[in-house]
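Just so you know, the sequences run in chain order A and B. Take 1 as the starting number for the first sequence in our numbering and just add one per residue. Take 1001 as the starting number for the second sequence in our numbering and just add one per residue.
Simulated from the structure, these hints should not be mistaken for laboratory data. It should be emphasised that the depicted structure is a prediction, and the values quoted were computed from it without experimental measurement. A portion of the hints provided could be inaccurate.
[As the list claims (entries may be wrong)] Listed below are the simulated DMTMM-like cross-link pairs for lysine to aspartate or glutamate, each with C-alpha atoms no more than 25 Å apart in a straight line:
1) K225(A) to D189(A)
2) K17(A) to D1392(B)
3) K17(A) to D1276(B)
4) K315(A) to D109(A)
5) K185(A) to E1099(B)
6) K309(A) to D329(A)
7) K225(A) to E1164(B)
8) K17(A) to E1102(B)
9) K17(A) to E1099(B)
10) K17(A) to E1275(B)
11) K1362(B) to D1392(B)
12) K17(A) to E1242(B)
2 protein chains.
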Amino acid sequence: MTLPRTRSDELFLRATKVVPGGIYGHLAPAGGLPKVFPHYAESAEGCRFRDVDGNDWLDFMCGYGAILLGHRDSEIEEAAELQRRDGAVLNQPTARMVELAEAMVERIDFAEWAVFAKNGSDVTTWATRVAREHTERRFVLKARGAYHGVDAWCDPGFGGRIPEDRDFVDEFKWNDLDELRDLAKEHEDDVAAIVLTPYHHAAFGPSEMPADGFWLGVQELCRDKGIILVLDDVRAGSRLHEGGSHRLFGFTPDIACYSKALGNGYAISACVGREDLRRGARDVFLTGSCWNDAVAMTVAIKCLDLARKRNVVDKLNTLGVRLSKGLRDAGAKHGFSFSLTGPPAMPFPWFDGDGNLYLLQKFCELCALEGVFFHPHHNWFLCGAHEETTIDQAVNAASVAFSKLIAKHD
Amino acid sequence: MTLPRTRSDELFLRATKVVPGGIYGHLAPAGGLPKVFPHYAESAEGCRFRDVDGNDWLDFMCGYGAILLGHRDSEIEEAAELQRRDGAVLNQPTARMVELAEAMVERIDFAEWAVFAKNGSDVTTWATRVAREHTERRFVLKARGAYHGVDAWCDPGFGGRIPEDRDFVDEFKWNDLDELRDLAKEHEDDVAAIVLTPYHHAAFGPSEMPADGFWLGVQELCRDKGIILVLDDVRAGSRLHEGGSHRLFGFTPDIACYSKALGNGYAISACVGREDLRRGARDVFLTGSCWNDAVAMTVAIKCLDLARKRNVVDKLNTLGVRLSKGLRDAGAKHGFSFSLTGPPAMPFPWFDGDGNLYLLQKFCELCALEGVFFHPHHNWFLCGAHEETTIDQAVNAASVAFSKLIAKHD
Chain A
1 MTLPRTRSDE LFLRATKVVP GGIYGHLAPA GGLPKVFPHY AESAEGCRFR
51 DVDGNDWLDF MCGYGAILLG HRDSEIEEAA ELQRRDGAVL NQPTARMVEL
101 AEAMVERIDF AEWAVFAKNG SDVTTWATRV AREHTERRFV LKARGAYHGV
151 DAWCDPGFGG RIPEDRDFVD EFKWNDLDEL RDLAKEHEDD VAAIVLTPYH
201 HAAFGPSEMP ADGFWLGVQE LCRDKGIILV LDDVRAGSRL HEGGSHRLFG
251 FTPDIACYSK ALGNGYAISA CVGREDLRRG ARDVFLTGSC WNDAVAMTVA
301 IKCLDLARKR NVVDKLNTLG VRLSKGLRDA GAKHGFSFSL TGPPAMPFPW
351 FDGDGNLYLL QKFCELCALE GVFFHPHHNW FLCGAHEETT IDQAVNAASV
401 AFSKLIAKHD
Chain B
1001 MTLPRTRSDE LFLRATKVVP GGIYGHLAPA GGLPKVFPHY AESAEGCRFR
1051 DVDGNDWLDF MCGYGAILLG HRDSEIEEAA ELQRRDGAVL NQPTARMVEL
1101 AEAMVERIDF AEWAVFAKNG SDVTTWATRV AREHTERRFV LKARGAYHGV
1151 DAWCDPGFGG RIPEDRDFVD EFKWNDLDEL RDLAKEHEDD VAAIVLTPYH
1201 HAAFGPSEMP ADGFWLGVQE LCRDKGIILV LDDVRAGSRL HEGGSHRLFG
1251 FTPDIACYSK ALGNGYAISA CVGREDLRRG ARDVFLTGSC WNDAVAMTVA
1301 IKCLDLARKR NVVDKLNTLG VRLSKGLRDA GAKHGFSFSL TGPPAMPFPW
1351 FDGDGNLYLL QKFCELCALE GVFFHPHHNW FLCGAHEETT IDQAVNAASV
1401 AFSKLIAKHD
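Bound-form chain A, shown alone (with noise of 0.2 Å):
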């Protein structure tokens, strides 16, 4: 059984004349991604999406984290609409820059101070710098397999770098806080930040919660050393909780990045720090062309807003929670030992024992023969638009998958 594809695979022998692979990036149709994926989308609405061959789609990807609301939610389409018609890019910030930096200082516990840019690669290395501008320390540690961007210091592609890009980059096991120690003691006062992301959410493998005491020792350790602690908290923010998804596992760090969530679609993302960073954060040099797009910075308050009017992080929770029980129940009655890992709103799904994902990878084939869009080596993501119902629909299509893996299996 297959799915109607002519259209996308026909866009997709046309992209690989003009566009080096295709589709590059994270969208890049990669090994293990089931046949029947589309290659192009055609329009989306709340939590379903339509590709470019008239295949209809219950989203669990949600543009991989950047749709909270739903697609075109109607009253962030509004915000958005009333804002341009004043305008998007001018010469100056508008009032919405003070507004947003003002919301996100009185969300975000320890933050003193906001700026706004693109992409979560412009933080989450800015964020390095202002460290180090800080600190006047070089070193950067982070967590093996992490990802923190696009940039050379951190990129998880093999072309285009030197080895003198990562000469002060250094890595450590996820949880393993002696190993993270050890680090900081072999470059003692030279390191200037320690980035993680909330909690472990590499692809290709289940997420890793923290372990207990871990995210306490980082603190400790950077509180210790004068080490700043950098979340990048870009994939996960407004998923675990309102205030920072710090709030979900008890820490403070003293910068924190965001940018998915944070505008529902329209791109923007934004640093945010304690006070003593202000000065290092004000040095280093930050701007892009349209980085005071008024447009992106009102869907982002408007965001924030109907985020706590909706409940949004309880929904999202109690669905991942609906979700994963759902989907074990269903797994095991076809007799798998299957979860789902990381928090239950951005879950990553896990048969026990595939480590090659073979399992994962032929089950995702099967719910998208159901219309269930499941990402096999990816986090998932659940949004404001999913309901009970829908999370029942993807737990049946999960079931009819089932049913067919065993025969696959057998």
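Got chain A sorted already, so can you dock chain B onto it with the hints?
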């Protein structure tokens, strides 16, 4: 005399509490800017904008170049709205990405492929990495004082850098072929790329056009030594030549970067390259959460089409020549040796002998009082919404400014 700016000051005061420095980057209230310049804008339409205190301005910055056709161009906004109904940031690219890549490859003579991002910096930095990947060399050569973005290898700030950030970057004086050749010799077989803007448009000084033979010399050196010639056309692209600014100066780069004018206020950037760089381009990681944004891509396609249909390059040049002549004559009438340097479509103003920019700053302040937004230390930008009447209005305002400047100057 002054202008109302209560609200502007009030917003800036609020901003200083929640944003380091209040406003950062190229929009920051810098020393030497007219004190009557507003800190915050309210709205814009065509070639005019209104600040938050209700002052109306004739705009000669056009979002620092991001606005090519005019603020809120109706055909652009219609196209954007049509796409917006389908969605912007989905789980896959849309057909718009293929169409835009095809449009770029069709228009730019040497281009065989294109990729898209959000910021100019995204693509200038990535281009240097593609050059490194392709050549397996390390050094990047650039012109002293040239702006290529916010990344540590090239940013114009002073903070957040370690000396090692520029270990493999070397600089030469714009137009100085001998110095460039010496650098290539010094780093023999280790120069990956020469990155240059089509002409030298540094801030705080007159623009410098390429000297006779400069570009051919650069091109010859690159071909001879196997160095990748990267054209940073982020600021000038779409304003000097429909097919890329290299066409105006008669050379052929290997890679070119575009942004600003490409999206008429919707954030998008592009990088295009020759066929033999396709493998390198494919192998250097490139992605961003909102880089498949179908609205920005739709706008870019429409913007390229409208610019061609409306013959915007010719129009801006003609209007720029009119502005240049008008201002020069008006200045001369009042005893000033004033001229516009650089291309007429994006000129940098200059008073002979005004090395410290004193006259220029006073002149721009006096023009501001007449409602004309002339920047005293960044090149100006014309847009498609300017007309002969608006140019003449600006010249008349400048005449008043020149007449008052005499009094101040004497």
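Hints, one by one, checked against the model:
Pair hint K225(A) plus D189(A) holds up; C-alpha atoms about 7 Å apart against a cutoff of 25 Å. Between K17(A) and D1392(B), the direct Cα distance comes to roughly 47 Å. Violation of the 25 Å bound is thereby established for this hinted pair. Among the hinted pairs, K17(A) with D1276(B) is consistent with the structure: their alpha-carbon atoms are about 13 Å apart, no more than 25 Å. For the hint linking K315(A) to D109(A), the alpha-carbon distance of about 22 Å falls within 25 Å, and the restraint holds.
Proximity of K185(A) to E1099(B) is assessed by CA-CA distance (about 53 Å); at most 25 Å being required, the pair is judged violated. Taking the CA atoms of K309(A) and D329(A), the gap is near 32 Å; set against the 25 Å cutoff, the hint is violated. Restraint check for K225(A) and E1164(B): the C-alpha separation of about 23 Å stays at or below 25 Å, so the hint holds. Annotation: proposed proximity of K17(A) to E1102(B) holds, straight-line Cα distance about 9 Å (limit 25 Å).
Between K17(A) and E1099(B) the CA atoms are separated by roughly 12 Å; this keeps the pair inside 25 Å, and the hint holds. A hinted pair counts as satisfied when its Cα atoms are at most 25 Å apart, and K17(A) with E1275(B) qualifies at roughly 10 Å. Simply put, K1362(B) and D1392(B) have alpha-carbon atoms about 21 Å apart, close enough for the 25 Å limit, and the pair holds. A C-alpha spacing of about 22 Å is found between K17(A) and E1242(B), which places the hinted pair at or below 25 Å, so the restraint holds.
Violated hints, in rising order: 2, 5 and 6; the structure is consistent with all others.
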